[in-house]
Structures are given as structure tokens and as C-alpha cells.
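Heads up: the protein sequence lines correspond to chains G and Y, in order. Per my numbering: the first sequence = residues 1 to 381. Per my numbering: the second sequence = residues 382 to 673.
Source of the hints: derived by calculation from the structure; they are not laboratory data. What you are looking at is a predicted structure, and each value in this text was computed from that prediction instead of being measured. Yeah, the Cβ is synthetic: ideal placement off N, Cα and C, and Gly gets one too. Mixed in with the good hints there might be a few duds.
Stretch-level coverage of chain G by chain Y, calculated; a stretch enters the list once three of its residues show a Cβ under 8 Å from a Cβ in chain Y [what the hints assert, rightly or not]:
1. 44-56
2. 199-207
3. 216-223
4. 246-259
5. 267-275
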Amino acid sequence: MNRTFASALAAACIACLVVGASTVTTTAAPEPIKLAAILSTSGPSAPLGVPESNAVKLAEREINAHGGVDGRPIHFDIVDDGAKADVAAQLATQMIASGHVAIFCGTRTDTSVAVSRVTTASNVLQVYTTPTESVWRTPRGVVKNVFEVNPRDQLEAVALLSFAKTRLKVKTIGILHDENLYGSGGATIAAAEAKVLGMQVVGDEAYPGTATDFTPQIVKLRDAKPDAVVLWGATTTPGLAIRAARTLGLNVPILGSSGILSPAILNVAGGAAAGEVYSASPLAGTPSPEQRAFADLYDKEYHLPVVSFAANGWDAAHILVVALREAHGKTDGTSLANALEAGKPIPLADGVFKYSPSDHNGLTPADVRIAMARNGTWGNP
Amino acid sequence: MLQLLVAGLTVGSEYGLIALGIHIILRATRVVNFAQGEFTIVGGLVALTCVDVLHLNMWFALAGATLAGFALGLAFEIVVLRPAGRTGEAGVTIATIGAVFVLLYGHALVPGWGSNPQPLPGFGGPATGSVELAGATVQVQSLWVFALLIAALAVLYLFFERTYFGKAIRAAAENPLGARLIGIDVNSTRAVSVALGIALAAYGGTIIGPITLVGGAAGFALTIKGFVAAIVGGLESPIGCVAGGLVVGVLQVFLQSRLPYDIADPIVYSVLLVMLLVRPQGLFGRRDAVRD
Chain G
1 MNRTFASALA
11 AACIACLVVG
21 ASTVTTTAAP
31 EPIKLAAILS
41 TSGPSAPLGV
51 PESNAVKLAE
61 REINAHGGVD
71 GRPIHFDIVD
81 DGAKADVAAQ
91 LATQMIASGH
101 VAIFCGTRTD
111 TSVAVSRVTT
121 ASNVLQVYTT
131 PTESVWRTPR
141 GVVKNVFEVN
151 PRDQLEAVAL
161 LSFAKTRLKV
171 KTIGILHDEN
181 LYGSGGATIA
191 AAEAKVLGMQ
201 VVGDEAYPGT
211 ATDFTPQIVK
221 LRDAKPDAVV
231 LWGATTTPGL
241 AIRAARTLGL
251 NVPILGSSGI
261 LSPAILNVAG
271 GAAAGEVYSA
281 SPLAGTPSPE
291 QRAFADLYDK
301 EYHLPVVSFA
311 ANGWDAAHIL
321 VVALREAHGK
331 TDGTSLANAL
341 EAGKPIPLAD
351 GVFKYSPSDH
361 NGLTPADVRI
371 AMARNGTWGN
381 P
Chain Y
382 MLQLLVAGLT
392 VGSEYGLIAL
402 GIHIILRATR
412 VVNFAQGEFT
422 IVGGLVALTC
432 VDVLHLNMWF
442 ALAGATLAGF
452 ALGLAFEIVV
462 LRPAGRTGEA
472 GVTIATIGAV
482 FVLLYGHALV
492 PGWGSNPQPL
502 PGFGGPATGS
512 VELAGATVQV
522 QSLWVFALLI
532 AALAVLYLFF
542 ERTYFGKAIR
552 AAAENPLGAR
562 LIGIDVNSTR
572 AVSVALGIAL
582 AAYGGTIIGP
592 ITLVGGAAGF
602 ALTIKGFVAA
612 IVGGLESPIG
622 CVAGGLVVGV
632 LQVFLQSRLP
642 YDIADPIVYS
652 VLLVMLLVRP
662 QGLFGRRDAV
672 RD
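Please construct the entire structure, taking both the sequences and the accompanying hints into account.
Next up, the structure:
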């Protein structure tokens with residue numbers, strides 16, 4: 001009798017365990033899709049990488065709150081490359097080996113290039129946020145798995161110089177740029193676009209990213225007497241360059257890349273004393289509904305205004321998710337790239353991305369607008 | 382020309398103060414403090430806190446940053462350099478290199494500091510003010526930098542030449558064993574020397590802050606420029622270090638005004654190698670000051 005009871009009890013327990021286990025199996029949250037964000041959140045590019053990282057965290061939360069990818073949540077492992085290309089490449093190798101299906105890298109052109117070699121060899125989708133198209137458009141053709149999430153330099157240059165020619169009646173320009181890949185690449189493109197528009201380039205000066213004194217460069221540009229100065233740089237250094245220009249009597253309009261569109265740069269430049277300064281950026285002008293929604297979320301979370309790097313980070317996270325959704329369960333680089341190249345319009349903070357097999361930037365000049373600094377704040381010209 | 386000269390002397394003043402700090406610490410510890418530029422950055426950031434958080438004016442901010450630099454220097458000597466010294470001079474040198482990275486990445490984590498360079502108000506007026514001098518536009522803050530550099534040198538001269546403790550530091554640096562025999566506490570003089578060197582870095586970071594911003598990742602580059610200045614002027618000569626800073630600053634600005642940046646800057650650095658080969662005692666040092 002006792003044995004029968006014990007057997008029945010054991011059977012009941014096993015049944016409970018099986019039912020319990022199956023219940024656990026059916027109600028457990030699905031495994032998150034692992035994504036990597038390799039960003040420069042320390043070192044000289046931290047002013048760019050930190051807002052990108054903030055935006056990625058916000059994007060992850062919002063995407064998961066809206067169902068993730070077909071019901072599966074996403075999870076970004078955000079790691080810091082310290083603005084070093086070799087570190088970024090090493091981190092990419094580790095991330096791919098540990099099952100991350102797509103990579104957002106990076107903050108800088110050199111880190112993005114280094115990581116593209118790893119992702120291309122492993123057929124893993126990569127998005128990056130510098131405006132340098134040479135990362136995906138190489139002499140050997142378009143790199144299938146690498147996509148840009150930022151208006152490329154050429155779009156900004158066209159917008160700025162067209163504005164300078166038509167609205168400011170500029171005939172000669174001087175160029176002042178950071179010596180890094182971003183600044184020197186932008187300067188080369190700006191010089192080429194100026195020639196296309198019939199403008200003369202009367203000076204071209206570089207400064208190091210850590211520059212604190214701009215007297216030699218500003219004096220040379222001032223002596224060349226340009227109608228306007230094109231400034232290509234990021235972080236807060238361009239603010240010092242603008243301040244030096246005004247202090248040393250170079251009072252012509254300054255037209256800066258999207259890297260200067262930040263309140264901090266105007267603050268460094270001396271607020272209202274910065275004078276006539278313009279920038280080209282998707283964030284300029286009247287915000288689109290997508291930009292407004294992102295700006296509200298960002299402000300609510302971080303109590304900060306949106307800078308272009310935050311918008312880039314937000315868009316990068318969303319573009320990876322669009323690729324995953326459109327690839328219907330496939331995660332290899334080719335399938336994800338095909339999904340993006342299909343060309344479905346993706347409206348985000350930087351504009352409406354419409355990628356194609358020959359265009360891995362996806363934006364058009366219509367996505368770039370001009371902002372003007374007035375009394376220490378950015379507004380419409 | 383005058384404009385370039387003033388700009389060169391302004392950046393050179395910072396290099397000179399860093400070189401002088403390197404010199405003082407080198408005399409006391411026999412090693413080069415590679416973190417000197419990072420302490421310059423931290424000093425400027427302390428001044429920023431004094432202004433932004435404590436709402437002090439720039440004069441009190443300068444005093445606060447200098448005192449904080451002194452305290453930080455004492456702690457640096459007692460907690461880092463002294464224990465590292467047990468492994469020899471190489472250990473202390475490596476400890477200073479380690480401090481570079483601790484300070485570089487550590488300061489970015491402090492609330493209100495971050496990794497972004499930030500503006501500091503000017504001394505006696507706005508940071509952007511300028512005046513016309515002999516046809517050249519000169520930043521008012523550059524004039525303050527020169528005045529405050531001279532004031533610091535005068536105070537240091539009086540301290541080392543006219544005070545008992547200053548003389549004790551010099552004696553201990555020159556001959557530690559002899560100093561011990563006559564009752565000087567060599568550990569204390571060494572700690573105060575390091576503290577003075579770091580206080581000088583913090584002072585330099587603050588007086589130049591209204592012109593160059595404070596914070597950021599430029600500390601190590603500043604150390605190297607300070608080191609070039611010290612070698613040019615004479616690593617064993619305090620006046621030579623300051624003069625070397627001014628020479629390097631003016632040379633840098635004049636070269637950049639004539640040549641593209643990527644050619645001018647390597648030339649400035651190569652001056653270090655040329656000086657070591659041709660005149661290792663520096664422009665202002667005595668030949669017998671070069672040690673084996």
C-alpha cells in the first residue's frame with residue numbers, strides 16, 4: 001500500500017516537473033539577438049562616441065518596447081575602442097566569435113575602416129557613422145556588407161557651398177580643417193566642389209585635433225582675404241578656431257561641416273561673438289516628425305539637446321534592426337545587406353535612408369539643410 | 382610678426398611651466414614625470430569646478446587649482462612615487478607613465494569634467510577680449526599669461542633662495558646623503574618638491590585655460606612639448622626650462638605660419654634630437670651640468 005502510494009507520489013512529482021519544465025519552456029523570454037556597438041567612448045573622440053552610445057542604449061530600449069525583431073528582443077554590447085583602430089579590430093573579432101550578428105562601428109573613420117576588414121572577411125553586416133564614403137566605396141567597388149549612416153561629406157559640401165554661392169555671393173573661400181581623416185577628406189571634397197561651382201580656393205590650412213593655438217593658420221587665411229571660410233572638423237576644437245578667427249580679425253562667414261553643429265562649439269567660440277557661422281546638417285532647419293520624436297526622447301532621458309552624433313547612433317541601431325526584420329530570420333552579412341539594398345525608405349533622424357546596391361549611403365542633398373548661429377544658438381538662416 | 386610672436390610666447394609660457402615642473406621633480410626624484418601634462422589638464426579642470434560649482438572668480442579658482450595641485454602632488458609622491466621608488470628609477474618612471482592613463486581616463490569620469498574640453502572665463506574680463514598693440518591684435522588673456530608666469534617665477538625664486546625650506550630642498554636634491562647628515566628630512570623635501578612641480582602644472586593649466594580650454598586628451602602632447610622645452614633650455618637649469626618653453630612656443634608658431642602643419646610639427650619635435658646630439662646641456666645649461 002505504502003509502496004503504491006510512494007510510486008503514485010513519485011509519478012505525480014515527475015509529472016509536475018515535466019509540466020513545470022514545459023511551462024517554463026513556453027513562457028521563457030526568447031533569446032535576445034546579440035548586436036555589437038564598438039564606439040570611441042574614451043580618448044580624443046569621446047565627445048562623439050558618448051552621445052552615440054547614449055543613443056544606442058535609448059534605441060535598444062525603444063526597439064524592444066515595440067516588439068524587437070519579430071518578437072525577439074535585441075541587445076547591444078557597447079564596448080570602447082579608445083579611438084584606436086587596432087583595438088576596434090580586435091574587439092570586432094571577439095564580438096563576431098561570441099555570436100554578435102551585426103556590428104555598429106564606429107565613431108571614427110580609422111576605426112570603421114579597421115573593423116570593415118574584419119566584418120568583410122567574416123561576412124557580417126557593419127554600419128558606421130562617419131561621413132566618409134571611401135569605407136564602403138573602394139577602388140574595387142562597393143563593399144557589400146558595409147553601410148554608412150550619415151550624410152557623406154560630398155552632400156554637406158554641396159549644401160554648404162551652394163548656399164555660400166547663391167545666398168552669400170561668395171567667390172573665394174579659404175579652408176581650415178582638422179588634420180585627421182575626417183577633416184582632410186572633407187577639405188579635399190570641399191575644394192573639389194568649390195571648383196565645380198566656380199569658386200576659387202585661396203587658402204587651405206590644417207590643424208591638429210589637439211590644437212589650442214590657431215594663430216598661424218588664421219593669420220595665413222586672413223592674409224589670403226577669402227570671402228568665406230569652410231571649416232571641417234569635430235569635437236570642440238573648431239569652436240576655438242572660430243574664436244581665434246574673430247579675435248584675430250578674420251570676420252568673414254564661416255561655413256562648417258555637421259561636426260560643428262553643437263551648442264558646446266558655439267559656447268567655446270564665444271557665443272554671440274562667434275559672428276556669422278553656418279553649418280550643414282540633417283538636424284538643421286525645421287525638424288521632421290522622426291527628428292522631433294527622437295529629440296524628445298533624448299531630452300527626456302539625458303536632459304541634453306540632440307547633437308548629430310546622437311542622431312547617428314540612434315539611426316545606426318535602427319538600420320541594423322530594419323535589416324534584421326527585412327531579412328526574415330537570416331543573419332549573415334549578405335542576406336542583411338540584400339535586405340537594406342532592396343531600397344525600402346527608412347525615415348530616421350538623419351533623413352530618409354534609401355540604400356541600393358550602388359549606394360550604401362542612402363541619403364540625398366534634400367536631407368542636408370543649413371543652420372545659422374545667431375546670438376549663441378543655432379537656428380534657421 | 383608681433384601677432385605670431387605673442388601667440389608663440391603664450392603657448393611657450395605653458396610649455397615653460399611644464400618644463401619647470403619637470404625640472405623640479407627631476408631634481409628631487411631623478412626621473413622624468415611623464416604625467417606632468419595630465420596634471421596640467423586636471424589643474425584646469427579643478428579651476429573649472431571652482432568657477433562652475435563653487436561660483437568663485439578666476440583669481441580664487443587659480444588659488445584653488447594651485448592648492449589642489451599641491452595636495453595632489455603630495456599624494457602622488459607618497460602613494461605612487463615613493464613605493465615605486467623601491468624598485469629603482471625605472472619603476473618610478475613607469476609609475477608616472479601609468480599615472481598618465483589613470484589621469485587621462487579617470488578625469489573623464491568625474492561629474493562635470495567629462496572628456497570634452499570646456500571653456501574657462503577670462504582673468505579680469507571676458508576670455509575673448511583683444512587689444513591693438515603696434516598694429517597687431519593681441520588677446521588680453523595672453524598678457525595675463527605673461528604677467529602670471531612672471532609672478533610665479535618670482536615667488537619660486539624667493540622660495541628657493543630666501544626660505545630655509547627652499548634651501549633645504551635644493552640641498553637635498555643636490556646631495557641627499559649630505560642633507561641627511563645635517564638633519565634635513567629628505568623624504569619631506571622630496572614630497573614637497575613633487576607637490577611644487579604638480580602645483581606649477583595646475584597653475585599653468587589654469588592661467589592658459591581661458592585661451593586654450595580646459596580638459597580633453599592633450600595632456601601627453603603637452604608633456605612632450607614641455608620635455609622638448611626642457612631639453613632646449615637645459616634640463617638642469619630652471620631659467621633654461623622656462624626660456625626653452627618660450628623658444629619652442631615661438632619656433633612652433635613661426636614654423637606653422639610658414640609651413641603646413643604636418644611638416645612644421647615634426648620639425649619642432651626633431652629639435653629635441655638635435656639638441657641632445659649637439660648641445661645636450663641645452664641653450665642655458667652649463668656643460669658640466671650634464672650627468673653621466
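Are at least 3 residues of the region 199-207 of chain G within less than 8 Å of chain Y when you compare beta carbons? Holds, because 3 residues of the region 199-207 of chain G bring their Cβ atoms closer than 8 Å to Cβ atoms of chain Y.
With a C-beta cutoff of 8 Å, work out whether three or more residues of the region 267-275 of chain G approach chain Y closely enough for the coverage to hold. n = 4 at 8 Å, threshold three: holds.
Cut-off 8 Å, C-beta pairs, minimum 3 residues; does the coverage of the region 216-223 of chain G by chain Y stand? holds (count 4)
Count residues of the region 44-56 of chain G with a Cβ under 8 Å from any Cβ of chain Y, then say if the count reaches three. holds (count 4)
If you count the residues of the region 246-259 of chain G with a beta-carbon closer than 8 Å to a beta-carbon of chain Y, do you get 3 or more? It holds, with 4 qualifying residues against the three required.
Violated hints for the displayed structure: none, as all numbered hints are satisfied.
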